[in-house]
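A.B. asks: Residue numbers (the working numbering), protein chains in the order written: chain W, 689 to 1111; chain Z, 689 to 1111.
Hints are supplied without guarantee of correctness; some may be wrong.
Copies of the same chain are indistinguishable here, so a pair counts whether it falls within one copy or spans any two.
[Unchecked claim] Heads up, simulated DSS-like pairs for lysine-lysine below, C-alpha to C-alpha not over 30 Å straight-line:
id	residue 1	residue 2
1	K741	K968
2	K741	K977
3	K910	K974
4	K977	K963
5	K759	K741
6	K963	K741
7	K974	K741
Since the hints were derived computationally from the structure, they do not count as laboratory data.
Since the model is a prediction, treat every value here as computed from it, not as a measurement.
Spelled out from the first residue to the last, the chains are:
Protein chains: 2
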Amino acid sequence: MIRKINRDPVEPAAGNGILSRRIFLEGTLAVGATGTGLSCASAEPLAVQPWMKTPGSGFVGYGQPSPFESKVVKAFLPSPATPGVGASRTPLHLLEGMITPSGLHFERSHSGIPDIDPDQHRLVIHGLVKRPLVFTVEALSRYPMQSRIAFIECGGNSQVLNAPQAQPLNATAIHGLVGCSEWTGVPVSTLLDEAGVEPAARWVIAEGADAAAMSRSIPIAKAMDDALVCFYQNGERVRPSNGYPVRLLLPGFEGNMNVKWLRRLKLTAGPAMSKDETSKYTILLKDEKAWQFVFPMEVKSFIARPSPGLALRGPGFYEISGLAWSGNGSIRQVEVSADGGQSWAPAALQGPILPKAPVRFRAAWQWNGGPAVLQSRATDDTGMVQPTRAQFAAERGLRGVYHYNAIASWRIDEMGEVNNVYA
Amino acid sequence: MIRKINRDPVEPAAGNGILSRRIFLEGTLAVGATGTGLSCASAEPLAVQPWMKTPGSGFVGYGQPSPFESKVVKAFLPSPATPGVGASRTPLHLLEGMITPSGLHFERSHSGIPDIDPDQHRLVIHGLVKRPLVFTVEALSRYPMQSRIAFIECGGNSQVLNAPQAQPLNATAIHGLVGCSEWTGVPVSTLLDEAGVEPAARWVIAEGADAAAMSRSIPIAKAMDDALVCFYQNGERVRPSNGYPVRLLLPGFEGNMNVKWLRRLKLTAGPAMSKDETSKYTILLKDEKAWQFVFPMEVKSFIARPSPGLALRGPGFYEISGLAWSGNGSIRQVEVSADGGQSWAPAALQGPILPKAPVRFRAAWQWNGGPAVLQSRATDDTGMVQPTRAQFAAERGLRGVYHYNAIASWRIDEMGEVNNVYA
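Chain W with its partners taken away, still in its complex shape (with noise of 0.2 Å):
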């Protein structure tokens, strides 16, 4: 049962240390690789440690992280006079695996997190519908539920890599407008079916409970498709700065189209133009026309580890760590390359590999101490590929806000120190 291993150095695969992704696949990395256990002629005794001493602590109801990991939390600038407007990051940078725990998912906020009491809460399902129906959140949870693992990301993610200077930011200020949850709720198909849509409906306005009753328009194809009204998030109840007690899952759609404290689908001929889809939430390229409309997130992907503030220790074996997503499928590929793009070579991608999820790649890297440029490129099963800052530039020009996923670049010096580069 002892496997042979491999004690050939593993082989390069793209240029500047990119080595062979059978480091993941076949578990073959050579003895010795990151040269980090200390060998110890007698590793015993072993240290009796002060917590070995005594009895641990007792059991409680809800468990909490850590205290040594009071530093993982979610980024924000505080806004005194405006507390809850704005956005909290999720600190990709400090995370592993797809899931993000969902006491660090981002948050997208118009008028700050409502205190809703769920018994008092009411869908209302109106509009262009043959039977009106108001729903308590119980009678919803009656029907057939369904469960999918699903990204949200917030339209205007990664929107700072617009700026003419490349800002000195790390990967949570950047990228943190992403997460990733199991969600669990009721198709919007179904309670559609219930109220009976008339032929004539071409949209569903959904509206949030928030004090901004946050408002979006969604064609009713999507409505259709895959929206699932969601009552749980990670096998617990939504949390209320993601829309407890329901909120909108519209897979793969700009994060505020899935409609946070969901309080009524109206069905319509038209759109609302509402405020978050005219004044904001529109894509402006660079002849000063929009696009409107636009809702599937592009696929795209950003290296969480290394990243600024996480500082390389001396040359050596590096696993390169970061996340791949798209609205419009599921990813086929993610390349890294530690030369600014000048060669590539394919990262190994963890499974499951679901639609309009988000999934970890990884890519070991030989770091031989000198300067180097890692990015990360992928490519998703509709064949979209993640293009370069200067092609994004081209075909959209830089005064948008929305929907930026252009190849990001980190570039490492010779101290092992990294920083938010435009390569």
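Take the given structure of chain W and dock chain Z to it, following the hints.
C.D. replies: Same frame as chain W, but now just chain Z:
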């Protein structure tokens, strides 16, 4: 784009009201089937609740559930003399989907939860190795990682169903020693390769850094197969109650072998015969012999909803929702019965279906208001089928307290009350 909907009654699929799973697979719920939406001549004007009239609350670093969900907590019996010895249970009857939120993941601890400083913690690999190694947590995290969604189930889960009389307990009290997370860490095989396994090594002794130094012996084949040394649980660092900063994951193997607070892996020629594999965690049979070193948790399922404490509110449509899992592979099928096992119909299985991960199953049930006995029966991809309680008793007897996996039964009475029964 408006789908053609099925206005015919959904066809029955098994006795006493079990309906076709087409309701989940094709969304063909008959209009008005649940009868829970309140139909209104006019749904307007919509009520404006107090929380829409003032701005909501601001951002916090680490979010929490709604105060309205304060009853959704782990279940445990207070034990003032030994507060950290025993178990707390996942509140399965109040959860949905596949993922267990980390704050609600069950725990079984033998001497409380140690408060470990990750900078002081060490993992030692020694015994029959060429190079004994001592790792800091930071050094371990330099190695290539993998993520996987996997259940962990205590070997003693559901043992109360061995009692001669069915006890008045709910799903959480009976089945709550199981949970599921996305775990991320380094393959044990990578670390053992680094240490160099001596040919005589056949077992790996894993020991925790709690005051009990909880220890188990693991076949080296498992260690070299899919075992992980985990740092991350559902994206963030492993919770203290689940092994912070480092725990072992042995996908599918009984819970306490997934040693928490992992401090050493010692390679040996034979098993350690530790307290927890001799006085505990052996499977007592009816002939007073016992199975030792039977590791995988066998195929199992239970119905989370309806279940005791979640009474039905009158005849009509109900979703039956539960979990199924197998430590030997993937779930192939789950069947449900509403007549105590006289007739069965296949449930809908929620993807992704992953090996050694739980699967949420759902079935549609039209309750006629009469007595019913709900059961679920899972089959895994090795062909193993959950036995009836009588079959289980005939094979193993009912004196053991580990690895109980027989079909469980909820009786519904004419008032809609749900009770644990043997049927």
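A.B. asks: Give a verdict on every hint.
C.D. replies: Checked hints:
no.: 1; hint: K741 with K968; in the structure: between (59 Å within a copy, 23 Å between copies)
no.: 2; hint: K741 with K977; in the structure: neither (69 Å within a copy, 36 Å between copies)
no.: 3; hint: K910 with K974; in the structure: within (29 Å within a copy, 58 Å between copies)
no.: 4; hint: K977 with K963; in the structure: within (18 Å within a copy, 73 Å between copies)
no.: 5; hint: K759 with K741; in the structure: within (28 Å within a copy, 34 Å between copies)
no.: 6; hint: K963 with K741; in the structure: between (61 Å within a copy, 18 Å between copies)
no.: 7; hint: K974 with K741; in the structure: neither (66 Å within a copy, 39 Å between copies)
Hint check: violations occur at hints 2 and 7; the rest are consistent with the structure.
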